[in-house]
Amino acid sequence: MAFSITINGQTHTADVDGDTPLLWVIRDVIGMTGTKFGCGQALCGACTIHIDGVPTRSCVTPIDSIAESRITTIEALETLPHGKALQDAWIELEVPQCGYCQSGQLMSAAALLAETPQPTDADIDSAMSGNVCRCGTYQRIRAAIKLASA
Amino acid sequence: MSNTFFAPRLNRRNFLKASAALGGSLVVNLGVAANSLLAAQEFAPNAFIRIDRRGLVTFVMPQVEMGQGIYTAQAMLIAEELDVSLDDLRIEAAPVNEALYGHPMLRRQTTGGSTSIRAFWTPLRVAGATARRLLMQAAATEWNVDVASCRTQDGFVLHPDGRTRRAYSELVDRAASLPQPPAEAITLKQPSDFKLLGTARKRLDTRGKTNGTLKYGIDALPAGTRIAAIAISPVLGGKPISVNQTAALAIKGVRQVVITDDSVAVVADHTGAAKKGLEAAAITWDDGPNRAVSQVDILRLLDEKSQQAGAVARSEGDVAAALSAAAVRIDAVYQLPFLAHTAMEPMNCTVHVRNDACELWVGTQNMSSAKQATAALTGLPPEKVIIHNHIVGGGFGRRLEVDGIVHAVKIGKQVKGPVKVIWSREEDIQHGYYRPYYYDRLSGGIDGAGNPVAWSHRISGSSIFARIAPAAMRNGVDPDGVEGASHLPYKLPAIHVEFKQVEPQGVLTSWWRGVGPSHNIFVVESFIDELAAAAKMDPVEYRKRLLSENPRALKVLQLVAEKAGWGNVLPERQGRGVAVQFAFGTYLAMVADVSVAKDGTVRVTRIVTAVDCGLTVNPDTIAAQMEGGALYGLTAALYGAITFSEGRVEQGNFDTYPPLRIDEAPHVETHIVPSAEAPGGIGEAATSAVFPAVTNAIFAATAKRIRTLPINPEDLKA
Chain V
1 MAFSITINGQ THTADVDGDT PLLWVIRDVI GMTGTKFGCG QALCGACTIH
51 IDGVPTRSCV TPIDSIAESR ITTIEALETL PHGKALQDAW IELEVPQCGY
101 CQSGQLMSAA ALLAETPQPT DADIDSAMSG NVCRCGTYQR IRAAIKLASA
Chain W
1 MSNTFFAPRL NRRNFLKASA ALGGSLVVNL GVAANSLLAA QEFAPNAFIR
51 IDRRGLVTFV MPQVEMGQGI YTAQAMLIAE ELDVSLDDLR IEAAPVNEAL
101 YGHPMLRRQT TGGSTSIRAF WTPLRVAGAT ARRLLMQAAA TEWNVDVASC
151 RTQDGFVLHP DGRTRRAYSE LVDRAASLPQ PPAEAITLKQ PSDFKLLGTA
201 RKRLDTRGKT NGTLKYGIDA LPAGTRIAAI AISPVLGGKP ISVNQTAALA
251 IKGVRQVVIT DDSVAVVADH TGAAKKGLEA AAITWDDGPN RAVSQVDILR
301 LLDEKSQQAG AVARSEGDVA AALSAAAVRI DAVYQLPFLA HTAMEPMNCT
351 VHVRNDACEL WVGTQNMSSA KQATAALTGL PPEKVIIHNH IVGGGFGRRL
401 EVDGIVHAVK IGKQVKGPVK VIWSREEDIQ HGYYRPYYYD RLSGGIDGAG
451 NPVAWSHRIS GSSIFARIAP AAMRNGVDPD GVEGASHLPY KLPAIHVEFK
501 QVEPQGVLTS WWRGVGPSHN IFVVESFIDE LAAAAKMDPV EYRKRLLSEN
551 PRALKVLQLV AEKAGWGNVL PERQGRGVAV QFAFGTYLAM VADVSVAKDG
601 TVRVTRIVTA VDCGLTVNPD TIAAQMEGGA LYGLTAALYG AITFSEGRVE
651 QGNFDTYPPL RIDEAPHVET HIVPSAEAPG GIGEAATSAV FPAVTNAIFA
701 ATAKRIRTLP INPEDLKA
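Chains V and W are the protein sequences, given in the same order.
Position 9 of the first sequence, counting from 1, maps to 9 under full-length UniProt numbering, and the rest follow consecutively.
Position 475 of the second sequence, counting from 1, maps to 475 under full-length UniProt numbering, and the rest follow consecutively.
None of these hints come from the bench; they were simulated from the model.
Glycine included, every Cβ here is placed at the ideal spot set by N, Cα and C.
One or more of the hints may lead you astray.
[As the list claims (entries may be wrong)] No more than 30 Å apart at the CA atoms, straight line, and that leaves these computed lysine-lysine pairs for DSS-like:
hint, chain 1, residue 1, chain 2, residue 2
1, V, LYS146, W, LYS563
2, W, LYS305, W, LYS704
3, V, LYS146, W, LYS202
4, W, LYS252, W, LYS215
5, W, LYS544, W, LYS305
6, W, LYS252, W, LYS239
7, W, LYS598, W, LYS491
8, W, LYS704, W, LYS555
9, V, LYS84, W, LYS215
10, W, LYS189, W, LYS555
11, V, LYS84, W, LYS202
12, V, LYS146, W, LYS215
13, W, LYS491, W, LYS563
14, W, LYS704, W, LYS536
[What the hints assert, rightly or not] Simulated DEER-style distance windows between Cβ atoms:
hint, chain 1, residue 1, chain 2, residue 2, range
15, V, ALA114, W, GLU677, 47 to 53 Å
16, V, SER4, W, PRO289, 50 to 56 Å
17, W, THR605, V, PRO81, 31 to 37 Å
18, V, ALA114, W, LYS239, 48 to 54 Å
Could you build the full structure based on these sequences and the hints that come with them?
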């Protein structure tokens with residue numbers, strides 16, 4: 001059936017099976033490629049988006065679970081309360097290497113700061129340990145979150 | 001400084017041929033204001049540089065960016081000598097063309113081995129300096145002054161009168177009409193005159209990595225692209241027997257089922273449907289000749305073969321005599337596992353096979369092999385293979401192999417229109433070209449004063465060079481297989497090193513970040529530590545004694561010891577370990593601090609590195625590569641192991657092949673030794689050093705010597 005979903009304030013329709021993971025609707029059907037595929041099993045966080053502000057792994061979230069919820073992706077990170085500060089901190093501290101995981105890292109970080117504007121190291125560990133980076137940018141991610149929260 | 005240049009590319013006719021191919025190439029727009037049309041007239045003194053009448057400077061990058069920062073670093077080489085602002089460069093990925101963009105060291109269009117700066121340090125600077133010289137000549141001719149009296153600054157040629165100047169854009173037509181200057185007219189800047197090189201610069205590709213706009217190969221979506229999910233035979237050499245096409249085609253969105261010699265692909269409107277269709281296809285396989293391959297058998301083979309003589313890589317002094325006369329003799333077996341790469345961007349390739357040409361959208365480290373393989377599969381002439389190379393979401397050596405492209409082209413040949421073949425993470429982990437399993441036998445001896453008197457090392461394992469470049473083998477020795485083992489930074493009176501090629505059945509092997517040294521440095525630096533312990537000496541002091549004739553190695557060791565606080569007393573079950581290496585043209589010393597819990601769990605709390613990589617390009621990128629390289633190796637040291645059972649890889653995703661996560665990541669501190677030596681490689685250096693630094697620290701904390709990786713907490717219980 002055709003689903004109607006709202007991504008970054010815009011309405012899209014997708015004529016797919018209800019169990020289709022949102023990730024593929026976003027990437028392949030709608031063609032927004034900032035959200036990344038990494039593992040397909042909610043093990044790496046590369047596909048993290050916000051659903052009603054909650055960081056969510058889109059690779060295991062079926063489209064028929066969305067209904068009227070608001071979806072936010074990396075392309076609209078700047079519109080989130082700490083989004084711009086995070087992007088600036090990421091650039092200032094040169095966080096990305098290959099960069100592939102960083103969409104997911106930033107979406108998780110934005111959710112963290114929305115909930116906890118002054119996170120401790122333990123808060124960062126807890127919020128960010130679901131996001132894998134194989135280039136090893138973790139210490140810069142930690143520093144950039146702190147910079148953005150300052 | 002030599003002005004030797006990679007000859008064929010300074011030729012305008014060759015350049016024009018290349019620029020025709022550029023029509024289809026990926027343009028990586030790095031934040032420079034987009035210009036509506038390409039100017040009709042350009043100044044293109046070589047294959048790397050184009051300047052148009054509006055002053056737009058385009059740099060055509062020979063190497064691929066995969067996180068190592070090479071787009072920025074190589075752009076800095078050009079900008080420094082051309083004398084333009086880094087912000088004014090627009091960067092394009094080079095098309096496939098070995099004559100113009102071939103790697104001077106590797107002689108192919110390839111990115112790997114921590115060679116991009118080493119290989120292109122001079123050619124790119126010469127390219128920039130040549131363009132600058134021609135622009136100066138153009139201005140000097142117009143002004144009727146001696147070119148030697150002109151200078152340049154930030155995209156302008158300055159008249160000797162100190163007032164008049166011409167922007168490069170104003171000189172394009174005249175410069176384009178000038179003949180190439182003779183090599184002796186090209187003067188490269190002295191390091192003391194560098195404005196960019198050696199200074200920390202912001203990377204040019206960062207913004208697009210923070211807002212979702214940067215396109216990786218997996219993001220390519222040419223009009224009409226369908227998506228294919230692929231299942232490759234779970235056993236190497238197997239083939240599909242039965243496929244339920246009807247069930248697959250019944251899934252909404254599925255368009256086609258494609259069967260190749262060793263894979264099944266389901267082509268659909270989107271990946272979700274393709275994966276669902278692949279599951280519905282309920283494929284059964286003929287596992288083929290490797291159906292019985294098992295880890296136990298592989299290890300038995302390696303154990304047996306490692307007891308036989310290998311090919312001699314180096315032999316100096318009488319090791320046998322020295323061993324039998326030694327005060328203390330140590331014999332050890334070291335074992336390193338098969339490793340997968342698990343780049344964050346899963347394997348993928350978009351392909352459009354047509355009658356007259358084949359287009360690929362992919363991120364590859366190996367343009368040359370991609371082109372050759374595609375031409376062979378399609379029967380097209382190589383020049384009809386068009387590769388849009390993309391920024392890579394993690395290479396680590398995996399994308400030096402083109403099997404992902406081969407699978408995609410085989411599928412693409414059966415599909416009308418472009419098709420994007422995406423591997424699941426499970427396919428990615430289970431169909432790797434793995435870092436070989438190495439089985440090393442060592443014997444060492446010390447005299448009564450603790451000094452090493454003999455060192456014997458036999459390396460047994462798969463040879464990558466024997467497969468991909470047999471001409472590089474030297475009397476049975478794989479040069480990569482012994483790199484970091486045959487020539488040590490230490491002074492040893494007798495050394496004997498052998499390589500024994502052993503190819504386990506049913507396993508593909510290839511390069512993994514750190515290549516030969518990622519295996520050998522662990523073994524060598526662990527065994528030196530064993531000798532130090534046998535001599536009852538401090539590991540740093542012991543190494544210093546052996547490095548008295550190696551000032552660069554000694555200096556990084558002294559610096560890292562000082563910065564790490566070597567010698568401070570640590571609490572119980574905490575330890576500090578050191579490693580020293582010379583690899584990739586770079587000297588590196590590393591100290592790791594670990595804490596080992598009572599249950600054997602290892603936590604690495606801090607890593608300090610001191611590095612002498614010669615002249616530097618972008619010091620912040622060096623620090624980033626130290627951080628990333630160390631964590632990449634640390635992940636493998638703690639968790640990395642690919643194992644086989646019934647021909648199949650037993651690991652499947654990040655749950656069974658775990659990556660290091662932020663809550664486990666140590667802080668990595670980098671100290672760069674100022675140096676005027678030739679640049680060394682940096683992308684892999686920390687990866688190889690971290691294994692022994694950590695296991696030596698574990699020895700310091702627990703008195704338990706790790707000779708088999710990955711580290712097993714069961715062995716470290718209190």
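Do the hints match the structure? See the list:
Using a Cα cut-off of 30 Å, the hinted pair LYS146 (chain V) and LYS563 (chain W) holds, with the two alpha carbons roughly 25 Å apart. Between LYS305 (chain W) and LYS704 (chain W), the direct Cα distance comes to roughly 27 Å. Compliance with the 30 Å bound is thereby established for this hinted pair. As the CA atoms of LYS146 (chain V) and LYS202 (chain W) are separated by approximately 20 Å, the hinted pair is consistent with the 30 Å bound. The hinted pair formed by LYS252 (chain W) and LYS215 (chain W) meets the criterion: a straight-line CA distance of about 28 Å does not exceed 30 Å.
Straight-line distance between C-alpha atoms of LYS544 (chain W) and LYS305 (chain W) comes to about 35 Å, which puts the hinted pair past the 30 Å bound. Taken as a hint, the LYS252 (chain W) and LYS239 (chain W) pair is honoured in the structure, with Cα atoms around 27 Å apart against an allowance of 30 Å. Straight-line distance between C-alpha atoms of LYS598 (chain W) and LYS491 (chain W) comes to about 38 Å, which puts the hinted pair past the 30 Å bound. For the suggested pair LYS704 (chain W) and LYS555 (chain W), the alpha carbons sit about 29 Å apart, so the restraint of at most 30 Å is met.
Between LYS84 (chain V) and LYS215 (chain W) the alpha-carbon distance is near 21 Å, which keeps this suggested pair within the 30 Å criterion. Of the supplied pair hints, the one linking LYS189 (chain W) and LYS555 (chain W) holds, its CA atoms being roughly 28 Å apart against a limit of 30 Å. With a C-alpha separation of about 18 Å, the suggested pair LYS84 (chain V) and LYS202 (chain W) falls inside the 30 Å cut-off, and the hint holds. Distance restraint check for LYS146 (chain V) and LYS215 (chain W): the Cα-Cα separation of roughly 28 Å lies within the 30 Å cut-off, and the hinted pair is therefore satisfied.
As the CA atoms of LYS491 (chain W) and LYS563 (chain W) are separated by approximately 25 Å, the hinted pair is consistent with the 30 Å bound. For the hint linking LYS704 (chain W) to LYS536 (chain W), the alpha-carbon distance of about 15 Å falls within 30 Å, and the restraint holds. Remark: the range hint 47 to 53 Å for ALA114 (chain V) to GLU677 (chain W) is upheld by a beta-carbon distance near 49 Å. At roughly 53 Å, the beta carbons of SER4 (chain V) and PRO289 (chain W) sit within the given window of 50 to 56 Å.
Checking the proposed 31 to 37 Å range against THR605 (chain W) and PRO81 (chain V) shows it holds: the Cβ atoms sit about 34 Å from each other. The supplied range of 48 to 54 Å is met by ALA114 (chain V) and LYS239 (chain W), whose beta-carbon atoms lie about 51 Å from each other.
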